[in-house]
Amino acid sequence: MKREIPLILTAIVGLTFVVQFFVPHYPMGFLADMFSDWFSIIAAAAIWLGALNLMRVSAEKIYKREKDRFYAGVTIASFFLIVIIGFFFSGGRSFQEPGTRFDWLYINIYTPLMATMFALLAFFVASASYRAFRARNAQATVLLLAAFVVMLGRTPFGDWISNVLFLPEGWGIANLSNIIMNYFNVAGQRAIMIGIALGIVSTSLRIILGIERTYLGGD
Amino acid sequence: MSNGPFGQKLFQALLRIDRRIIFLVIFLALSIPIFLGLRIDITVTQEVRLFYNSVEALSSGSRVLLSFDYDPGSEPELQPMAETGFRHLIKNHIKFIIMGLWPQGPMQANKALTRINEVDEGFLVDNGDTLYFGRDLLVVGPDTIRYGIDFINLGFQAGNELVIQRMGSSIRAAFANDARYGRPIDQFPIMNGLNKLSDFDLVINWSAGYPGTVEWVQFAVDRFHVPCGAGNTAVQAPQVYPYLDTGQLSGLMGGMKGGAEYEQLTGMRAKATMSMVSQTAAHIFVVLFIVIGNLAYFMTRGRKKEGRA
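As they're listed, the protein sequences go chains A and B.
The opening residue of the first sequence carries number 1 in our numbering; numbering runs sequentially from there.
The opening residue of the second sequence carries number 1001 in our numbering; numbering runs sequentially from there.
For reference, chain B alone in the conformation it holds in the complex:
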């Protein structure tokens, strides 16, 4: 490549480029696809298919424990998975019990349930004739689920992995009351026969760090032999890949791409699918930036060596 005075100046300028220009390019790469509503085809990976299959394998009426172990910082990656997860479970008539090892987790669950209730042509039924209160009846697409019968929110419990350990011998010892009304969980029909962790048919963990998937595998899977599927942030996913290979995890979704693949499998294309073009564009630009940065670095470094010689 020609590296004359003009080229040299160009490469020097590239090395000193104002970071605000990089910020602007990334901003445009992320935002333009969102406004244009662009879509892109997604290939489904084996680990996401395994997760999907583990839910599909459950019979109607099975009970699944959903642990929400993340906060709003990880919402763009994990909330689409959680929403699709709810839709998937509701569509297959699977009952679910919500909890959180992170204080914000159960609120994220409420947020996801409220959203799918509103978006899927559902509505919050508000009449006093339902089993408990009006807001306990959620309509999601063609299905209706009732609080205490089809789902329940146990809330947050402090104690990290020791909460999982305690649930291994007694769920009631870890969560005596539900989070919505503060009533003993025995009053809710969904909890009939659910005494310890191994009574669940599946544990699903949405995780952004500690405590999260690693702890669920080490305590719930290894100790109490409950199958566990997980959705992780893209940063955390590489750490839990070893558990997939050994069968300790029955499926794994990593980052927004994992969420988009799950949406594709369930046929419920939503937020993750819509955001994939933005993420793809951002990745391409980051790669281009690295290539340009290296090119400029090597071109100017060669000239410096010549100068020194």
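One chain only, chain A, in its complex shape:
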């Protein structure tokens, strides 16, 4: 029964959502709303599950004296710091409001750390482009040229250089960039979207019908 009950639940919930998309009336609409509420509760519980799992993995690293145990210690200390301050020293329910201690930590520690992580991308992208972005063949050359046009066309420099080079109206770098984004990019993205959608439909059907069972875990 450990496998049968989840399979039956999955089939009922999955079919309900499919049917209520086309027939949103009672009882399908009511059932879909109820399952959506269940999902929100499970998703909220999953956040805690994830946090507790992070603590367990980090504590194990420290206990086993692994190489990265220092970082695991920082993770645990940061977790408890923000949880304790958020729960007990930030005005209760209004803990996210400007001026609270939780807000201070968010603005002065969390935000700069996240910003630093993502800001590093600019440097690594520049370095990686220099080393790896080569016109080795026709396809790579087309990709390279498209990248040049979009990169320059998405900045005011594209307009400036178009004026300097006296490029005719409609053939400026910004216009070419828009053509690439609105036609070539859209065509490619649509193909990817349709492909993904078909894949999701087939995978969902396999899960609803109980053919695909790997999500249950085990052998």
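The hints are simulated quantities; they were obtained by calculation from the structure and are not laboratory data.
A virtual CB, placed ideally from N, CA and C, is assigned to each residue, including glycine.
Hints may be right or wrong, so weigh each one.
What the hints assert, rightly or not - Over the 12 Å line for every Cβ pair with chain A, so calculated as not near, a few chain B residues: (1) Phe1027; (2) Ser1054; (3) Glu1056; (4) Ser1059; (5) His1093; (6) Ile1094; (7) Lys1095; (8) Leu1194; (9) Met1268.
What the hints assert, rightly or not - Covered stretches of chain B, going by a simulated chain A footprint (3 or more residues, C-beta under 8 Å): (10) 1030-1041; (11) 1159-1168.
Claimed, not checked - Calculated lysine to any residue pairs in the SDA-like style (CA-CA distance at most 20 Å, straight line): (12) B:Lys1196 with A:Met28; (13) B:Lys1196 with A:Lys2; (14) B:Lys1271 with A:Pro112; (15) B:Lys1196 with A:Gly29; (16) B:Lys1009 with A:Arg131; (17) B:Lys1196 with A:Lys61; (18) B:Lys1271 with B:Phe1027; (19) B:Lys1271 with A:Thr116; (20) B:Lys1271 with A:Ala122; (21) B:Lys1091 with B:Gln1264; (22) B:Lys1196 with A:Phe22; (23) B:Lys1196 with A:Phe39; (24) A:Lys2 with A:Gly217; (25) B:Lys1196 with A:Phe21; (26) A:Lys61 with A:Ala44.
On the provided structure of chain A, position chain B as indicated by the hints.
Only chain B this time, still in chain A's reference frame:
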């Protein structure tokens, strides 16, 4: 081009260039324009104009849902859009309801509101005579907005796209209480008559990934027929362009450039406009690096082939 022994050595050296030199050049390209306060003219694209027009088309007193679906990692790109968006809505006397499918989203909204309140010669009014509490009264330029009447923060709700789906039939089922006081949202005048997603005049989504604009289009627009405009990171924007073409998105801002164009249209030049010179300089240097890297690669590759022959 001459490719003698000196040239050959030069190209070999260019191929082995220390990456720290590249880092330094990018750092200087990004930082010098900021310190010099350089400005640059920006051409407005059609997709940003569409977004601007969709807000302008709203009448005074309309109610807009703002979904903040990003975290501080995407702040440089999305926060300027969010701040200009708030200014634009406040200037046009449009009421707004804040929420987030990302846990950090509502805090980013608070941050943007606090900033425009401070920068636009406003101040946080601190007296006990206002409708709820002093900090519920925001002054932005010549306009004053009141919490619960002109704006409200519903906070974060876990559940990704199913939150949108739930709001389609009942907003109160997804957000029973507001985020600031934990009070039932029915106690706030702004929520009068707002029962489901289709009661909003417009949804604006600031998005950096999943859940984000794709989910808002698939559920809010396609299912519940609410118009939706979006501001995305430059990386994500290409993925949602197909929705623009079909009219599923009523406007789109991509990356910092999109934010700068929006600032230009609203006449409120701020952070995105100021950062455009830095971004332009960085793009130019990346292009130059790629050109130099390819030049050095082909020059040395030809010599290697000759050597092998």
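Query raised in the report: Any Cβ of chain A at or closer than 12 Å to Met1268 of chain B, or is the non-interface label fine?
Result: holds, 18 Å
Query raised in the report: Hey, Lys61 of chain A versus Ala44 of chain A, does the alpha-carbon distance stay inside 20 Å?
Result: violated, 27 Å
Report task. Say whether it holds or is violated: Ser1054 of chain B keeps its Cβ farther than 12 Å from all Cβ of chain A. Result -> holds, 18 Å
Query raised in the report: For the region 1030-1041 of chain B, do at least 3 residues have a Cβ located nearer than 8 Å to some Cβ of chain A?
Result: holds (count 3)
**Report entry** Agreement of Lys1271 of chain B and Thr116 of chain A with the hint, judged by alpha carbon distance not exceeding 20 Å
**Finding:** Holds, because 18 Å separates the two Cα atoms, which is no more than 20 Å.
Report task. Below or equal to 20 Å on CA atoms is what counts here, so check Lys1009 of chain B against Arg131 of chain A. Result -> Within the cut-off at roughly 17 Å; holds.
**Report entry** Hint consistency between Lys1196 of chain B and Phe22 of chain A [alpha-carbon to alpha-carbon, up to 20 Å]
**Finding:** With Cα atoms ~19 Å apart, Lys1196 of chain B and Phe22 of chain A stay inside 20 Å; holds.
Query - Distance restraint between Lys1271 of chain B and Phe1027 of chain B, which requires alpha-carbon spacing of 20 Å or less - result: holds, 18 Å
Query raised in the report: When you check the alpha-carbon spacing of Lys1271 of chain B and Ala122 of chain A, does it fall within 20 Å?
Result: holds, 18 Å
**Report entry** Reported absence of Ile1094 of chain B from the contact zone with chain A (all CB gaps over 12 Å)
**Finding:** holds, 22 Å
Query raised in the report: Keeping to a limit of 20 Å between CA atoms, is the pair of Lys1196 of chain B and Lys2 of chain A held or broken?
Result: Answer violated: Lys1196 of chain B to Lys2 of chain A is near 38 Å, above 20 Å.
Query raised in the report: Does Lys1271 of chain B pair with Pro112 of chain A here, judged by a C-alpha cut-off of 20 Å?
Result: Holds, at about 17 Å.
Against the hints set out earlier in the document, violations occur for numbers 1, 13, 17, 26.
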